[in-house]
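Using the hints provided, position chain B relative to the given structure of chain A.
If you read the protein sequences in the order shown, they are chains A and B.
Per the UniProt record's numbering, the very first residue in the first sequence carries number 1; after that it's consecutive.
Per the UniProt record's numbering, the very first residue in the second sequence carries number 1; after that it's consecutive.
Check the hints yourself; a few may be wrong.
Because identical chains cannot be distinguished in the list, a pair is counted as satisfied if it fits within a single copy or across any two copies.
Unchecked claim - Computed cross-link-like contacts, SDA-like style, restricted to lysine to any residue with a CA-CA straight-line distance of at most 20 Å:
no., residue 1, residue 2
1, K58, W209
2, K164, H245
3, K151, W254
4, K151, N253
In case anyone wonders, no lab produced these hints; they're calculated from the structure.
Number of protein chains: 2
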Amino acid sequence: MDKPLILVTNDDGITAPGLRALIKTMKDIGDVIVVAPDSPQSGMGHAITIDNTLYSKKVVIDTEQGAPAEYSCSGTPADCVKLALQEILDRKPDICVSGINHGSNSSINVIYSGTMSAAIEAGIEGVPAIGFSLCDYSWDANFEPALRAVKKIVSQALSYGIPKGTVLNVNIPKSDIEPKGIKVCRQARANWKEKFDKRTSPTGKDYYWLTGEFELLDKGEDTDEWALANGYVSVVPTQFDLTAHHIIPQINNWSLNES
Amino acid sequence: MDKPLILVTNDDGITAPGLRALIKTMKDIGDVIVVAPDSPQSGMGHAITIDNTLYSKKVVIDTEQGAPAEYSCSGTPADCVKLALQEILDRKPDICVSGINHGSNSSINVIYSGTMSAAIEAGIEGVPAIGFSLCDYSWDANFEPALRAVKKIVSQALSYGIPKGTVLNVNIPKSDIEPKGIKVCRQARANWKEKFDKRTSPTGKDYYWLTGEFELLDKGEDTDEWALANGYVSVVPTQFDLTAHHIIPQINNWSLNES
Chain A
1 MDKPLILVTN DDGITAPGLR ALIKTMKDIG DVIVVAPDSP QSGMGHAITI DNTLYSKKVV
61 IDTEQGAPAE YSCSGTPADC VKLALQEILD RKPDICVSGI NHGSNSSINV IYSGTMSAAI
121 EAGIEGVPAI GFSLCDYSWD ANFEPALRAV KKIVSQALSY GIPKGTVLNV NIPKSDIEPK
181 GIKVCRQARA NWKEKFDKRT SPTGKDYYWL TGEFELLDKG EDTDEWALAN GYVSVVPTQF
241 DLTAHHIIPQ INNWSLNES
Chain B
1 MDKPLILVTN DDGITAPGLR ALIKTMKDIG DVIVVAPDSP QSGMGHAITI DNTLYSKKVV
61 IDTEQGAPAE YSCSGTPADC VKLALQEILD RKPDICVSGI NHGSNSSINV IYSGTMSAAI
121 EAGIEGVPAI GFSLCDYSWD ANFEPALRAV KKIVSQALSY GIPKGTVLNV NIPKSDIEPK
181 GIKVCRQARA NWKEKFDKRT SPTGKDYYWL TGEFELLDKG EDTDEWALAN GYVSVVPTQF
241 DLTAHHIIPQ INNWSLNES
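So here's chain A without its partners, still in its complex pose (with noise of 0.2 Å):
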């Protein structure tokens, strides 16, 4: 058989040390093609670029690692998945991994994760997908403990298959020592108290920095944050047809169709 061939990407940019970790590890189970973006893209959602030209090129980062063929593009990381699946590859890759990003995307954070939106567009594009993230968000951050824990969820997904409509949103806790061991889970309910550091700039226009505070508001020990705060890598099967389906009946039930 083929080596799989799997598309590598991020959202912290190319030159980052987690995505260089995750090529490293990709690299011993097949053929690897990056596409990342050519700066970081934290937090850009799954935003795409509509009204703006997009540049890609061909880029060597890192000849020890074998080079593998690397481009780096000037859009988000939804659009190095687009560019990639269309344009740069011979083939349909066999899998897509995102990250290793420097920082958590667990609970509530995927819905603004750049990481796990090129994972979701790889998805919807019917390529097995997978974001992998790091609770550290340290550009040093120690990725070696995590790389067994990465490798056997990549060859495991291409053995078993990741089911239609899903993409892995896999998170793995901070620590100099390997994991304890891999849970599959829910998304944990959260959010962000926002704080907005409010200062005026030299020329006296009131300006904001966003800040916040996570708030955990749901202690299930099912849940990704359960597992992450006890030393295990966090497996969260996460669709993107996002209907609540489960609510279509109760909204059935308001007067929306009388005069």
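Relative to chain A, chain B alone:
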């Protein structure tokens, strides 16, 4: 009882005719405060501004409408909602409405939609929320036939209450007559077949424009696409718990914890 407080936002920018139409209609129902992007933010998905500053200022756009309080913001639609809820409003609004978008946000478009990300952000923060979109991309679109349905949906959402964890995604067919009625639907399966229009800049650099064709993969008569194609307003209850709960047992059958 006090009049309801209605936060109005959008992704096409604060001067968009669709926003103006929504403001006008909402003033029949309650007290309106507008916090909207100072420039178009279509396709921004759930992007937020993390490593950049946000500007916001009070503006007067349309004195004829009786001048509701209006603020423009340099950020994304999700930023606007965060800023409104934390900094601008004195109390939690009774509802947040986003739109009316110039263009469809039905089926898979919900994923890329700035209009819906504003509504979803409000939903995450516990504010009942609805995104409205008209299936007409023109800046000169005719919003008038849609307004009775918009008013009815917002009024009933205020009376019945939108279930927690749910945000309504409302799409309205393009038409010069009133829609036939309102249907509660699921999101149709669809994707975009991208095409990249590759060009060369005056300085010799290759660049791309992202274009594409909408590909409907779902003939269900319970979908938003069916409703819209048949002259009905579609209402899809949309959730921000992205967990594919039904898939968890299947992934639990993988051998993730065998060494």
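Taking the hints in turn, this is what the structure says about them:
Taking the shortest Cα distances, K58 and W209 sit within 20 Å of each other only across copies (18 Å), while inside one copy they are farther apart (35 Å). Proximity of K164 to H245 under the C-alpha cut-off of 20 Å is found in both arrangements, the shortest distances being 18 Å within a copy and 14 Å between copies. In this assembly of identical chains, K151 and W254 lie within 20 Å of each other by CA distance solely across copies; the values are 14 Å between and 49 Å within a copy. Taking identical chains as interchangeable, the C-alpha atoms of K151 and N253 lie at most 20 Å apart only when they sit on different chains, with a minimum of 18 Å there against 48 Å within one chain.
Violated hints are absent here; each numbered hint is respected by the structure.
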